[in-house]
Amino acid sequence: EPEVTQTPSHQVTQMGQEVILRCVPISNHLYFYWYRQILGQKVEFLVSFYNNEISEKSEIFDDQFSVERPDGSNFTLKIRSTKLEDSAMYFCAINDMEEAFFGQGTRLTVV
Amino acid sequence: RKEVEQDPGPFNVPEGATVAFNCTYSNSASQSFFWYRQDCRKEPKLLMSVYSSGNEDGRFTAQLNRASQYISLLIRDSKLSDSATYLCVVNPLYNTDKLIFGTGTRLQVFP
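Respectively, the protein sequence lines represent chains A and B. Count the first sequence with the numbering used here and you get residues 1 to 111, in order. Count the second sequence with the numbering used here and you get residues 1001 to 1111, in order.
Bear in mind the hints are in silico, worked out from the structure with no lab data behind them. Be aware that a few hints might be false.
What the hints assert, rightly or not - Cross-link-like lysine to aspartate or glutamate pairs, in silico, EDC-like; alpha carbons within 16 Å at most:
{"id": "1", "chain 1": "A", "residue 1": "K78", "chain 2": "A", "residue 2": "E53"}
{"id": "2", "chain 1": "B", "residue 1": "K1098", "chain 2": "A", "residue 2": "E56"}
{"id": "3", "chain 1": "B", "residue 1": "K1042", "chain 2": "A", "residue 2": "E3"}
{"id": "4", "chain 1": "B", "residue 1": "K1098", "chain 2": "A", "residue 2": "E59"}
{"id": "5", "chain 1": "B", "residue 1": "K1098", "chain 2": "A", "residue 2": "E98"}
{"id": "6", "chain 1": "B", "residue 1": "K1002", "chain 2": "A", "residue 2": "E44"}
{"id": "7", "chain 1": "A", "residue 1": "K42", "chain 2": "B", "residue 2": "D1039"}
{"id": "8", "chain 1": "B", "residue 1": "K1079", "chain 2": "B", "residue 2": "E1015"}
{"id": "9", "chain 1": "A", "residue 1": "K42", "chain 2": "B", "residue 2": "D1007"}
{"id": "10", "chain 1": "B", "residue 1": "K1045", "chain 2": "A", "residue 2": "D63"}
{"id": "11", "chain 1": "A", "residue 1": "K42", "chain 2": "A", "residue 2": "D86"}
{"id": "12", "chain 1": "A", "residue 1": "K57", "chain 2": "A", "residue 2": "E68"}
{"id": "13", "chain 1": "B", "residue 1": "K1098", "chain 2": "A", "residue 2": "D86"}
{"id": "14", "chain 1": "A", "residue 1": "K42", "chain 2": "B", "residue 2": "E1005"}
{"id": "15", "chain 1": "A", "residue 1": "K57", "chain 2": "B", "residue 2": "D1097"}
{"id": "16", "chain 1": "B", "residue 1": "K1045", "chain 2": "A", "residue 2": "E3"}
{"id": "17", "chain 1": "A", "residue 1": "K42", "chain 2": "B", "residue 2": "E1003"}
{"id": "18", "chain 1": "B", "residue 1": "K1042", "chain 2": "A", "residue 2": "E44"}
{"id": "19", "chain 1": "B", "residue 1": "K1045", "chain 2": "A", "residue 2": "E53"}
{"id": "20", "chain 1": "B", "residue 1": "K1098", "chain 2": "A", "residue 2": "E44"}
{"id": "21", "chain 1": "B", "residue 1": "K1098", "chain 2": "A", "residue 2": "D96"}
{"id": "22", "chain 1": "B", "residue 1": "K1045", "chain 2": "A", "residue 2": "E99"}
As the structure is a computational prediction, the values presented were derived from the model and not from experiment.
Same shape as in the complex, but just chain A:
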């Protein structure tokens, strides 16, 4: 099973601050995804990223969000100005043989 490592495991930030969540797949993958899960709710798709470009994004993924792969290994999700409602678990995922594997997640708490 492919491995995906996310850092940090928990991030607390003040409303209005910028946060960067990181994802490092252990092996080479071309497709990356970010999902989020608000406490007690279902997992929701945010964005897919292929070949250094966004291939698809959801309505949640507004102008406050951005993704990039700055150095060919790390895959990052940036939230420019966090809101209280951004508090959630954020999961990075990769696609391997049409099956998705998730990182352990970053718990973002906006206060």
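Dock chain B against the given chain A, drawing on the hints supplied.
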């Protein structure tokens, strides 16, 4: 109608019991189907893909009924370690690889 619908449970069953979960999906063009398992505050982990012919993996059996747009998961001989939330997951269209999650069905196996 929700894209992916599941009974949230909880299902409380004794060790050794057989339990079945159902899931319905709204998009008849959906291509791929999966069951994921999620432990409390952890990432979703792939349990099994669901194929049209049905498939089995040890104590777990998954079935797909495209005509009724219905997916099932059967767990035989339940173990305490099976206690978790089971997520029904659908890839809704051919030209997308995003996943649509159900809210999950919680299973609690007791001694």
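The hints, checked one at a time:
{"no.": "1", "hint": "A:K78 <-> A:E53", "verdict": "15 Å, holds"}
{"no.": "2", "hint": "B:K1098 <-> A:E56", "verdict": "8 Å, holds"}
{"no.": "3", "hint": "B:K1042 <-> A:E3", "verdict": "15 Å, holds"}
{"no.": "4", "hint": "B:K1098 <-> A:E59", "verdict": "13 Å, holds"}
{"no.": "5", "hint": "B:K1098 <-> A:E98", "verdict": "11 Å, holds"}
{"no.": "6", "hint": "B:K1002 <-> A:E44", "verdict": "13 Å, holds"}
{"no.": "7", "hint": "A:K42 <-> B:D1039", "verdict": "13 Å, holds"}
{"no.": "8", "hint": "B:K1079 <-> B:E1015", "verdict": "5 Å, holds"}
{"no.": "9", "hint": "A:K42 <-> B:D1007", "verdict": "13 Å, holds"}
{"no.": "10", "hint": "B:K1045 <-> A:D63", "verdict": "30 Å, violated"}
{"no.": "11", "hint": "A:K42 <-> A:D86", "verdict": "14 Å, holds"}
{"no.": "12", "hint": "A:K57 <-> A:E68", "verdict": "13 Å, holds"}
{"no.": "13", "hint": "B:K1098 <-> A:D86", "verdict": "20 Å, violated"}
{"no.": "14", "hint": "A:K42 <-> B:E1005", "verdict": "11 Å, holds"}
{"no.": "15", "hint": "A:K57 <-> B:D1097", "verdict": "11 Å, holds"}
{"no.": "16", "hint": "B:K1045 <-> A:E3", "verdict": "11 Å, holds"}
{"no.": "17", "hint": "A:K42 <-> B:E1003", "verdict": "12 Å, holds"}
{"no.": "18", "hint": "B:K1042 <-> A:E44", "verdict": "15 Å, holds"}
{"no.": "19", "hint": "B:K1045 <-> A:E53", "verdict": "26 Å, violated"}
{"no.": "20", "hint": "B:K1098 <-> A:E44", "verdict": "10 Å, holds"}
{"no.": "21", "hint": "B:K1098 <-> A:D96", "verdict": "13 Å, holds"}
{"no.": "22", "hint": "B:K1045 <-> A:E99", "verdict": "11 Å, holds"}
Checked against the numbered hints listed earlier, the structure breaks hints 10, 13, 19; every other hint is satisfied.
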